[in-house]
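A.B. asks: Listed below are the residues making up each chain.
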Amino acid sequence: MTTTSERIPRLLLELPWLIANKNVSMKSFCSQFDLNLEQAVEDLALLTFVGPGKYGGELVDIQYDDESIRVINSQGLNRAISFSGSEAMVLMLGVKQIIDNSRDVSIAKIVENKLLGLIDDSYVIDDLQKYNNFKNQLEASLKDNNAVEIDYVNSVLGVSSKRVVQVTKLYNSEGNDYFDAVDSKSGKVKTFRIDRIVTLRELDQELIKTIPVKSDSNSFKVKITTKPWFTSRIASLGLKHQIIDNLLVIEMEFYDEEFLLDLLLRLDAEAKIESSEKVKKETLKILDERIKRMK
Amino acid sequence: MSISKSERILNLFFVLLNTNRPLSRSELKQKVSGYEASESETAFERMFERDKDELRTIGIRIQTLPIDPLFDDELGYKIDPSVFLTKQTSWTDEERYILNLASALWHETEFENQAKVANIKVGSLVSTDSDLLTQNLQGSIDVYKTLLLALQKRDVISFAYLANDEDIPSQRKIIPRKLYRKDRFWYLEGFDTKTSLIKNYQIDRIFGDIKHSKSSEIERNLVNKLEVKTNSEMTATIEINQNPQLITHIIGGSIVDRTRINLHYFEAKSLVKYLLTISSVIKDIQDKSIKDLYLDTLTSFRKVLS
Numbered sequence: 036m037t038t039t040s041e042r043i044p045r046l047l048l049e050l051p052w053l054i055a056n057k058n059v060s061m062k063s064f065c066s067q068f069d070l071n072l073e074q075a076v077e078d079l080a081l082l083t084f085v086g087p088g089k090y091g092g093e094l095v096d097i098q099y100d101d102e103s104i105r106v107i108n109s110q111g112l113n114r115a116i117s118f119s120g121s122e123a124m125v126l127m128l129g130v131k132q133i134i135d136n137s138r139d140v141s142i143a144k145i146v147e148n149k150l151l152g153l154i155d156d157s158y159v160i161d162d163l164q165k166y167n168n169f170k171n172q173l174e175a176s177l178k179d180n181n182a183v184e185i186d187y188v189n190s191v192l193g194v195s196s197k198r199v200v201q202v203t204k205l206y207n208s209e210g211n212d213y214f215d216a217v218d219s220k221s222g223k224v225k226t227f228r229i230d231r232i233v234t235l236r237e238l239d240q241e242l243i244k245t246i247p248v249k250s251d252s253n254s255f256k257v258k259i260t261t262k263p264w265f266t267s268r269i270a271s272l273g274l275k276h277q278i279i280d281n282l283l284v285i286e287m288e289f290y291d292e293e294f295l296l297d298l299l300l301r302l303d304a305e306a307k308i309e310s311s312e313k314v315k316k317e318t319l320k321i322l323d324e325r326i327k328r329m330k
Numbered sequence: 138m139s140i141s142k143s144e145r146i147l148n149l150f151f152v153l154l155n156t157n158r159p160l161s162r163s164e165l166k167q168k169v170s171g172y173e174a175s176e177s178e179t180a181f182e183r184m185f186e187r188d189k190d191e192l193r194t195i196g197i198r199i200q201t202l203p204i205d206p207l208f209d210d211e212l213g214y215k216i217d218p219s220v221f222l223t224k225q226t227s228w229t230d231e232e233r234y235i236l237n238l239a240s241a242l243w244h245e246t247e248f249e250n251q252a253k254v255a256n257i258k259v260g261s262l263v264s265t266d267s268d269l270l271t272q273n274l275q276g277s278i279d280v281y282k283t284l285l286l287a288l289q290k291r292d293v294i295s296f297a298y299l300a301n302d303e304d305i306p307s308q309r310k311i312i313p314r315k316l317y318r319k320d321r322f323w324y325l326e327g328f329d330t331k332t333s334l335i336k337n338y339q340i341d342r343i344f345g346d347i348k349h350s351k352s353s354e355i356e357r358n359l360v361n362k363l364e365v366k367t368n369s370e371m372t373a374t375i376e377i378n379q380n381p382q383l384i385t386h387i388i389g390g391s392i393v394d395r396t397r398i399n400l401h402y403f404e405a406k407s408l409v410k411y412l413l414t415i416s417s418v419i420k421d422i423q424d425k426s427i428k429d430l431y432l433d434t435l436t437s438f439r440k441v442l443s
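Those protein sequences? They're chains A and B, same order as listed.
If you want my numbering, it's the position in the first sequence, counting the first as 1, plus 35.
If you want my numbering, it's the position in the second sequence, counting the first as 1, plus 137.
These are computed hints drawn from the structure, not numbers from a lab.
All values reported here derive from a predicted model rather than from experimental measurement.
We put the beta carbon where it would ideally sit given N, CA and C, even for glycine.
A couple of the hints might just be wrong.
[Stated by the list, open to error] Partner residues are not named here, just some residues of chain B that face chain A (Cβ under 7 Å, in silico):
#	residue
1	Lys142
2	Val418
3	Leu432
[Claimed, not checked] Pairwise CB distance ranges, derived in the manner of DEER restraints:
#	chain 1	residue 1	chain 2	residue 2	range
4	B	Asp302	A	Glu288	51 to 59 Å
5	B	Ser350	A	Phe294	53 to 61 Å
6	B	Lys315	A	Phe255	56 to 64 Å
7	A	Lys320	B	Ser350	49 to 57 Å
8	B	Ile392	A	Glu237	56 to 64 Å
9	A	Lys62	B	Ala174	32 to 40 Å
10	B	Gln423	A	Asn168	51 to 59 Å
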C-alpha cells in the first residue's frame, strides 16, 4: 500500500506533468507513474478534490476518461517542484555523457544549458544567449545571402576586427559549431568557430555572387604520438584522435604551423611528431620567435 | 465526512501556494479543509506541525514571515512559487529525446529513480527503451555512478590523475565531498587522504578506472570537520600583442590596460602550462620567476621539432 509520504510527492509530480503533456491517454499516464488503472483514477479523483477553496470553486479541475486527461485548472501548480541536488546531478551527467560520446551534440548542448538555467540561478545564461543569437544571425545571413561583420579570435589567438565575410555553410564537427565563409579581403573560403566570435553584425548586402571552392592546397599532414592521458588537454579543441597501443595518436591535416605549435604546447616535450622537415623547420622558427621576443 | 491525510496536506499546500501574504495559524485553520476536524487547539497545532514537516520532507520550502512587516511578533506562512517551482522552460521533441536518453542511462542503477523523477519534472515521457541506448553511453556512465555512490556513502576512491602541472598521472586517494560543474567542466571536491587537504579534481583528468573502498570512521569525521582550505590566489600580469578586450573574451582574465591583462592562479607550474597554450600572444611576463619558468618550459619543446 502506498503511504502518504510516497503518494503526495507523486501527486505533485503528476499535475505539472499532465499540464506539460496535454491530452495524454490514461494508458500513457499509468505507464509513466507505474500505476494500475484503479490507482490512476484514485490519484486523479483526489487531485480534483483539493485546492485553496474550502467550499469548492477554487479546486484543481481535471477532466479525464480512457482516451485523454486534461487539466482545466491547476490552482497555481503549473510547473514541477524544483530538482533535488541528486535529481539535477543525474540528469546533467546523463546529458554530459551524450555530449562526450556523440558526433552531433548541438541539441544536447542546448539541453545542457537549459538544464543549467533551471538548476542554478547563478549560472551565467547571457553567454549562451549570445552564442545562440550568433548562430541564429548566421543562419539568417546564409538564408538571405547577406554578408556579416565579425570581431573574431582565431585558434592561435589572432584577432581580426570588423572582418566582413559571407557565410556559405554552417555545420557541427566533433562537438563544435563551425561555419565556412568567404573572406572579403582574400576572397578565399575560410573556416570559423562560432564560440570564437566576439561580436557579429548582419549587413544588408551580398558580398559575392559565386562562391569560390574551398582550397586545401596549403594543408600539410602531421602525425603526433604521445602519452594517452594527454587526451584531456586537447578535449576542448574538438580534434579527431585515437588511442592506439596505449598511445594518443593525432593524425590530421593542418593549415598553419602556428596551430600545430599550439597543439604541441598543450601536450608534452616528449611527444613524437611525424611530418616533413619543412613543416618542422617552420614550426621551430615560430617557437624560436616566441622565445626570442620574451628575452 | 472526515478527509484523508493526503487530501488535507494537499489542501494546505494549495492554500500556502495561492496566498499573496503570509497566513497565520488561525487563518490556516479556517481556510484549510481538514483542520476543522481537529478536536482541540493542541490537536490542530500537532497536526499542522506534522503536515508542514511532511511538505518539507518532499522538498517544499515553507517560508515563515512576519504577518505585519512593521511588527515581527506574529509569524505567518506561505510558499513562494518562484523559489520552489522550476523555471518555465519549453522543450522541443528533439530535446525531450535527449532528456529521455540522459535519464535512461541510469536504468538499473541505484540512481534510476532520481533520473526518472527529474525527467518527469521537465515534462518528458520517460522511456527505458533499450533501443535508445548504446553500449558506449551506458559504459561511460559507470564512472559517475561510482563517484555518486562514493559521495553518498562517504567512501574512499582511488584513481590516477593528471594535474595541470604534471606530465604523468599520479595516484590519488580521496573521500569525495561534492560533484559540481563549473564553466565547461565537471569537478570533484574531495578530502585528499595523503595531504589531509580538501582539493578539487577535474573529472576529465582522471585516467583509467576508479576503485572504491570503505572509509574509516576517523576519515569520515575528519572530512566533516574540515573547512575548505585552498592556496591563496595570486595574479600574474601578462603583456600581449593583441587587443586585450577580444583576447580576454576567449581566454578569461581581466584587462589592465591597452597591452596588458591579469590572470589569476594558485600554482606557478599550472599557470605556466596554461601560458604555453596562449604563447602566440605573449610578449612579456611581469613576474621574473614565472617568466623564467615559462621560458625554460617553452625552450624544452625545441627538441620535439629538432
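A.B. asks: So which hints don't hold here, by number, going up?
C.D. replies: Of the numbered hints, 4, 5, 6, 8 and 10 do not hold.
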